[in-house]
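Peer 1: Chain by chain, the residues run as shown.
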Amino acid sequence: MIPGAFDYHRPSSVADAVALLARLGADARVLAGGHSLIPMMKLRLATPQHLVDLAGVSELRGVRADGANIVIGAMTTQHEVIGSDLLSAKIPILRETALQIADPQVRYCGTIGGNVANGDPGNDMPAVMMCLGATYEVRGPSGTRQIAARSYYQGTFVTALKADEIVTAIRIPAPAVGHGHAYEKLKRKIGDYATAAAAVVLTMSGGKVASCSIGLTNVADQPLWAEEAGKIVVGSSLDAATIKKAVAAAEAITDPASDTRGPAAYRTKVAGVMVARALARARQNAKA
Amino acid sequence: MAKAQISMTVNGRPAEALVEPRLLLIHFLRDELGLTGPHIGCDTTHCGACTVDLDGKSVKSCTMFAIQANGAQVRTIEGMAAADGTLHALQEGFREMHGLQCGFCTPGMIMRAWRLLQENPKPSEEEIRFGISGNLCRCTGYQNIVKAIRYAAAKLAGVPFEEAAE
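Going down the list, the sequences are from chains A and B.
Throughout the first sequence, residue numbering follows the working numbering, covering 29 to 316 in sequence.
Throughout the second sequence, residue numbering follows the working numbering, covering 46 to 211 in sequence.
One or more hints might be untrue.
Stated by the list, open to error - Capping the alpha-carbon separation at 27 Å, the derived lysine-lysine pairs in DSSO-like fashion look like this:
1) Lys-167(B) <-> Lys-217(A)
2) Lys-217(A) <-> Lys-200(B)
3) Lys-259(A) <-> Lys-272(A)
4) Lys-70(A) <-> Lys-215(A)
5) Lys-70(A) <-> Lys-48(B)
6) Lys-215(A) <-> Lys-48(B)
7) Lys-315(A) <-> Lys-272(A)
8) Lys-236(A) <-> Lys-215(A)
9) Lys-236(A) <-> Lys-190(A)
10) Lys-70(A) <-> Lys-118(A)
11) Lys-217(A) <-> Lys-259(A)
12) Lys-118(A) <-> Lys-236(A)
13) Lys-215(A) <-> Lys-297(A)
14) Lys-118(A) <-> Lys-102(B)
15) Lys-70(A) <-> Lys-102(B)
16) Lys-236(A) <-> Lys-217(A)
17) Lys-167(B) <-> Lys-200(B)
18) Lys-259(A) <-> Lys-273(A)
Quick caveat, the hints were computed from the structure, so don't treat them as lab data.
Note that this is a predicted model, so its numbers are computed, not measured.
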């Protein structure tokens, strides 16, 4: 399959990339790892006239601590997320999730910025970022702004990002030391998107849940933050009755499509099962 | 749409061409350079038959533009055997352990396994299976591919290959 013709641009700074997008207008698309965009171009579902490749923008790479936050450059690959000692120590759910994305070759190229930015509800990182309360740093012609992950997604490939803006970094408040975490994903095979998946981050205190946040992947036209389900388990010891209530609350906000991964009712149930499993495993690996 | 001059090092030799930006790396390798070892299987990033090594990463060359590889170091299956024809340990392993039947997936499998062994010279069977999970084989059921990679890992480490009890 041969993509449509385009002009290729390779800026070396964010400022140059943003200026290019402003000049080229709506016919231009940003190229990160390319593993969503290039397949779409090969199918001619996307036919940009200009590609602005961010591979040469070194300021978009790398992971660093900034006070109580961890900042991940948008062009950091999933492979680099997996190999980052800082992320493994501070936010281990990211490594766990990245290992469940696609396959090794795709993870060498695919970037965390591309994964969160493009608004594909099948992507795994968006629900994790909503779960973690992450913020996306965005640069456009009028400067920099911050968009909370929880208010970024609006529908399939529809987001709060404007056409002339670039997600430059992800800022994540590091969860408390000793927190529990899990990303449970049901997929038909390696490389597949989730039938349904759930991210859980919680803290325990004296045998009770002190805080809990839950995100859901691929069970609506956008990733979901299951705020109510998270609230339900706070104060409990994660007894069966409480988990059942939280699962029901999570299932209630899903609105999956019926597709090759199963009918909608099944995928809603799978989301509930993923929430229950993720809660149990997060409880298990929490220290306190 | 302007063409662009690109250059890269492929199997240790310089390669240059004037290309359309939309030219995929797999087409550059096969059609411009005549390196037909990397195969076009699914053409949709699933099967891994087009896998080549690029700057220390295994990549699916059907999902990358040649222009993205401008300046890169690329290795394909054609760059694996020694100049005198001596097979690489992985090639030898695939032959000795019957790691192929039709052979279509083999160049991608070997290139992926090569990078895997650079990163993890002594992989467990489970690590091998996870490491080659982006490469599909429709003939072998993978059993002998895993064996072939274990054979190569042993040979490269200079230790005798021991077949696992089955």
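Peer 1: Report the numbers of all earlier hints that the structure fails to satisfy, in ascending order.
Peer 2: Violated hints (numbers, rising): 2, 6, 8, 9, 10, 11 and 16; every other hint is consistent with the structure.
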